[in-house]
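Q: One-letter residues, chain by chain:
There are 2 protein chains.
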Amino acid sequence: MLAADLPTPALVVDLDAFDHNRAVMSDAWPGVRLRPHVKAFKSTSLARRLADAGHVAFCCATIREMEGMAKAGLGHDLLLANEVLDTKRLGALVESGARITVAVDSDETITAVVAGGVREVLIDVCVGLPRCGCPPEEAGRLGDEARAAGLEVRGVMGYEGHVVGLEDRADREAKMAISMEILTAAHEIVGGEIVSGGGTGTWDSNRWVTELQAGSYLLMDTAYAKLGMPFRPALSVSGTVVSVNRPGGWAVADVGLKALGMDHGNPSVAEPAGAKVWFCSDEHLTFSVGPDAKAAQVGDRVRVLPAHVDPTVAYHERITVVQAGEVVDIWPVDLRNW
Amino acid sequence: MLAADLPTPALVVDLDAFDHNRAVMSDAWPGVRLRPHVKAFKSTSLARRLADAGHVAFCCATIREMEGMAKAGLGHDLLLANEVLDTKRLGALVESGARITVAVDSDETITAVVAGGVREVLIDVCVGLPRCGCPPEEAGRLGDEARAAGLEVRGVMGYEGHVVGLEDRADREAKMAISMEILTAAHEIVGGEIVSGGGTGTWDSNRWVTELQAGSYLLMDTAYAKLGMPFRPALSVSGTVVSVNRPGGWAVADVGLKALGMDHGNPSVAEPAGAKVWFCSDEHLTFSVGPDAKAAQVGDRVRVLPAHVDPTVAYHERITVVQAGEVVDIWPVDLRNW
Numbered sequence: 008m009l010a011a012d013l014p015t016p017a018l019v020v021d022l023d024a025f026d027h028n029r030a031v032m033s034d035a036w037p038g039v040r041l042r043p044h045v046k047a048f049k050s051t052s053l054a055r056r057l058a059d060a061g062h063v064a065f066c067c068a069t070i071r072e073m074e075g076m077a078k079a080g081l082g083h084d085l086l087l088a089n090e091v092l093d094t095k096r097l098g099a100l101v102e103s104g105a106r107i108t109v110a111v112d113s114d115e116t117i118t119a120v121v122a123g124g125v126r127e128v129l130i131d132v133c134v135g136l137p138r139c140g141c142p143p144e145e146a147g148r149l150g151d152e153a154r155a156a157g158l159e160v161r162g163v164m165g166y167e168g169h170v171v172g173l174e175d176r177a178d179r180e181a182k183m184a185i186s187m188e189i190l191t192a193a194h195e196i197v198g199g200e201i202v203s204g205g206g207t208g209t210w211d212s213n214r215w216v217t218e219l220q221a222g223s224y225l226l227m228d229t230a231y232a233k234l235g236m237p238f239r240p241a242l243s244v245s246g247t248v249v250s251v252n253r254p255g256g257w258a259v260a261d262v263g264l265k266a267l268g269m270d271h272g273n274p275s276v277a278e279p280a281g282a283k284v285w286f287c288s289d290e291h292l293t294f295s296v297g298p299d300a301k302a303a304q305v306g307d308r309v310r311v312l313p314a315h316v317d318p319t320v321a322y323h324e325r326i327t328v329v330q331a332g333e334v335v336d337i338w339p340v341d342l343r344n345w
Numbered sequence: 008m009l010a011a012d013l014p015t016p017a018l019v020v021d022l023d024a025f026d027h028n029r030a031v032m033s034d035a036w037p038g039v040r041l042r043p044h045v046k047a048f049k050s051t052s053l054a055r056r057l058a059d060a061g062h063v064a065f066c067c068a069t070i071r072e073m074e075g076m077a078k079a080g081l082g083h084d085l086l087l088a089n090e091v092l093d094t095k096r097l098g099a100l101v102e103s104g105a106r107i108t109v110a111v112d113s114d115e116t117i118t119a120v121v122a123g124g125v126r127e128v129l130i131d132v133c134v135g136l137p138r139c140g141c142p143p144e145e146a147g148r149l150g151d152e153a154r155a156a157g158l159e160v161r162g163v164m165g166y167e168g169h170v171v172g173l174e175d176r177a178d179r180e181a182k183m184a185i186s187m188e189i190l191t192a193a194h195e196i197v198g199g200e201i202v203s204g205g206g207t208g209t210w211d212s213n214r215w216v217t218e219l220q221a222g223s224y225l226l227m228d229t230a231y232a233k234l235g236m237p238f239r240p241a242l243s244v245s246g247t248v249v250s251v252n253r254p255g256g257w258a259v260a261d262v263g264l265k266a267l268g269m270d271h272g273n274p275s276v277a278e279p280a281g282a283k284v285w286f287c288s289d290e291h292l293t294f295s296v297g298p299d300a301k302a303a304q305v306g307d308r309v310r311v312l313p314a315h316v317d318p319t320v321a322y323h324e325r326i327t328v329v330q331a332g333e334v335v336d337i338w339p340v341d342l343r344n345w
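Quick note, the sequences are listed as chains X and R, same order. The numbers in the first sequence follow this note's numbering, run straight up by one, and end at 345. The numbers in the second sequence follow this note's numbering, run straight up by one, and end at 345.
Note that these hints are calculated values from the structure, not bench results. Possibly wrong hints are sitting among the right ones.
Okay, the calculated beta carbon distance ranges per label pair [to be verified]: (1) R:G256 / X:R253: 53 to 59 Å; (2) R:A30 / X:D151: 35 to 41 Å; (3) R:K78 / X:A35: 34 to 40 Å; (4) X:A232 / R:R126: 43 to 49 Å.
In silico contact screen, one side only, chain X against chain R (beta carbon under 7 Å); selected entries [to be verified]: (5) A11; (6) V39; (7) R138; (8) D270.
To spell it out: a stretch of chain X is covered by chain R in this simulated footprint if at least three of its residues, at any positions, have a beta carbon under 8 Å from a beta carbon of chain R; those stretches are [as the list claims (entries may be wrong)]: (9) 146-156; (10) 241-251; (11) 260-268; (12) 318-327.
In this text, a Cβ means the ideal position worked out from N, Cα and C, and glycines have one as well.
From just these sequences and the hints, can you work out the full model?
A: Right, here's the structure in full:
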């Protein structure tokens, strides 16, 4: 099938751009030095391409992602880089043979992990982002407590999420260094082999972590594109112009906000060139094409670049993989929901 | 099962609030005077409750919604209140016995409807919202063209979407009147029995339409709540506190932006009282609970009110229906995707 014949809206990945992004990151972070973040793509078919390239250790954000990866035979070394209390579902995976490690940052989460039957943990340390992770001064105590409870403490984790999107490189690196010094200090107290952290935005500057948690680099979005990295926009939503208002100078495509993550704002229209996004509705994207609306006809295809990759993918059932205008594969988004 | 034992995040509907909202609207717009908008809830189980209350004519925003409604036996009178070119799927529904009406606003969409085998249309008129709908001066010509092509023209449609969310009631009503005068004028030229339009925000003031397209009133969100209508917040996302940072004064729940429509901004936290939302990440909601974080403990439940109902529902597999703290039903969100 030609990509131009796809029913729309369709979530599309350009395979050449994807492979380029995969290869650039693999060169810098080979094998298990990279721990690809499944939350960015939620697809075992995509994950398998990474495993085939030697990246067999993954991290996840939800229990459902962990379960799906294990079921797909991708359970060599799965980290739940998130705190959860419903750990029994994860314990069941341990029994089935997958290697399951879970982030903990409190007495309660350690208790839940033990009760659930999970055996390995990382101590999650807050390195500046107001989210999960214990205050750094509690890391040592929690590590001791976890070991006393019979858990294997593999090391520490800390995500500099407040830093990865900063557009000024010097600013980004300076603030990352502060975060990573906090994490390194916690690691010295906690012990273990792993220092896990980082992301697409700090892929070429974070030299503190032993493994990089990156996912967005594979597909990319307009927010990360601003950082001037060598990763190409591989992800787009393909749409069709369904209405053109010539007196008003606008056109409407069938790529609405239910097909796009909107927390980073409006998407961009890559094709037709010159299109300017006005707003998104549930199932519509209104864009201007100049006073005569000459650049758009009903039935034309549009290519929309999302502002945020992760919540965009989570809205779709499948990723259609395209190479040179042909559909070459379908990757089900099989790790959605919870 | 108790609602408090639900795995989280869970999309929850309070049945008493839902029934209240349904009844208030049914009193004002009984039977087929109301054409409930399926896009707001994407669930045939929910739609069946409306049909049981006499609302057997529905409108949809996607072909998938139309197909699912017909398959569920809810195809008495289905309006696709949207322009599409892929009308063959809709023509197949006509053959199977469902009554299918489609909005058209151009030569191209009329051609597509004829080619697809759909037999009934509404002329969609732009009444001020820069989206679909023909310029009003083209409505008569398109009506003639549709009839010449053998289509039954049931009337006109025009959605005052630029007006329904205006918080000042007088402003909302004044602008609605302008829009509806445009629609009425187009109707006089086009003919047919139907003038379809309106929504939750104009439910008690739009006296121009013969049928009201409303959907959000059933579940509600914080954006519509600002309008001071008698509809109650029936929809929430139930979450669990997974991390508390006492020195920082914040807590983290497992209700992230992949569980929430974010185009209208951040959600609100209804419980615990006093919680103030800082930001959402993919799977996390960070909120402040005062300097001692006394109001939140790891394991506590939170109740999150979305800012926009439609894209929130579209992220979830199911709606869990709760009454007096007990789970009493599950409504699958079976009309998602395209």
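Q: Mind checking the CB of V39 of chain X against every CB in chain R and telling me if the closest is under 7 Å?
A: V39 of chain X check fails; min Cβ-Cβ to chain R is 23 Å, beyond 7 Å.
Q: Using the Cβ atoms, figure out if A30 of chain R sits within 35 to 41 Å of D151 of chain X.
A: With a Cβ separation near 59 Å, A30 of chain R and D151 of chain X fall outside 35 to 41 Å, so the hint is violated.
Q: Have a go at the R138 of chain X hint: is there a Cβ in chain R nearer than 7 Å to its own Cβ?
A: The hint holds - R138 of chain X has a Cβ within 7 Å of chain R, the shortest such distance being about 5 Å.
Q: At the C-beta level, are A232 of chain X and R126 of chain R separated by a distance inside 43 to 49 Å?
A: Holds: the Cβ-Cβ distance is about 46 Å, inside 43 to 49 Å.
Q: Taking the beta carbons of G256 of chain R and R253 of chain X, is their distance inside 53 to 59 Å?
A: At roughly 55 Å between Cβ atoms, R253 of chain X and G256 of chain R fall inside 53 to 59 Å, so the hint holds.
Q: How does the coverage statement for the segment 260-268 of chain X fare against chain R, requiring three or more residues with Cβ below 8 Å from a Cβ of that chain?
A: This one holds; 5 residues, not fewer than the three required, reach chain R with a Cβ under 8 Å.
Q: Could you tell me whether the CB distance from K78 of chain R to A35 of chain X stays inside 34 to 40 Å?
A: violated (50 Å)
Q: Against chain R, does the segment 318-327 of chain X show at least 3 residues with beta-carbon separation below 8 Å?
A: holds (count 5)
Q: Hint check: is the beta carbon of D270 of chain X less than 7 Å from a beta carbon of chain R?
A: This interface hint holds because 4 Å falls under the 7 Å limit.
Q: Taking beta carbons only, do three or more residues of the segment 241-251 of chain X come closer than 8 Å to chain R?
A: With 4 residues closer than 8 Å to chain R, the segment 241-251 of chain X meets the three-residue bar; holds.
Q: Against chain R, run the beta carbon of A11 of chain X and see if the smallest gap drops under 7 Å.
A: violated (13 Å)
Q: Mind checking, does the segment 146-156 of chain X have 3 or more residues with a CB under 8 Å from chain R?
A: violated (count 0)
Taken one by one, the earlier hints fail for this structure at numbers 2, 3, 5, 6 and 9, listed in ascending order.
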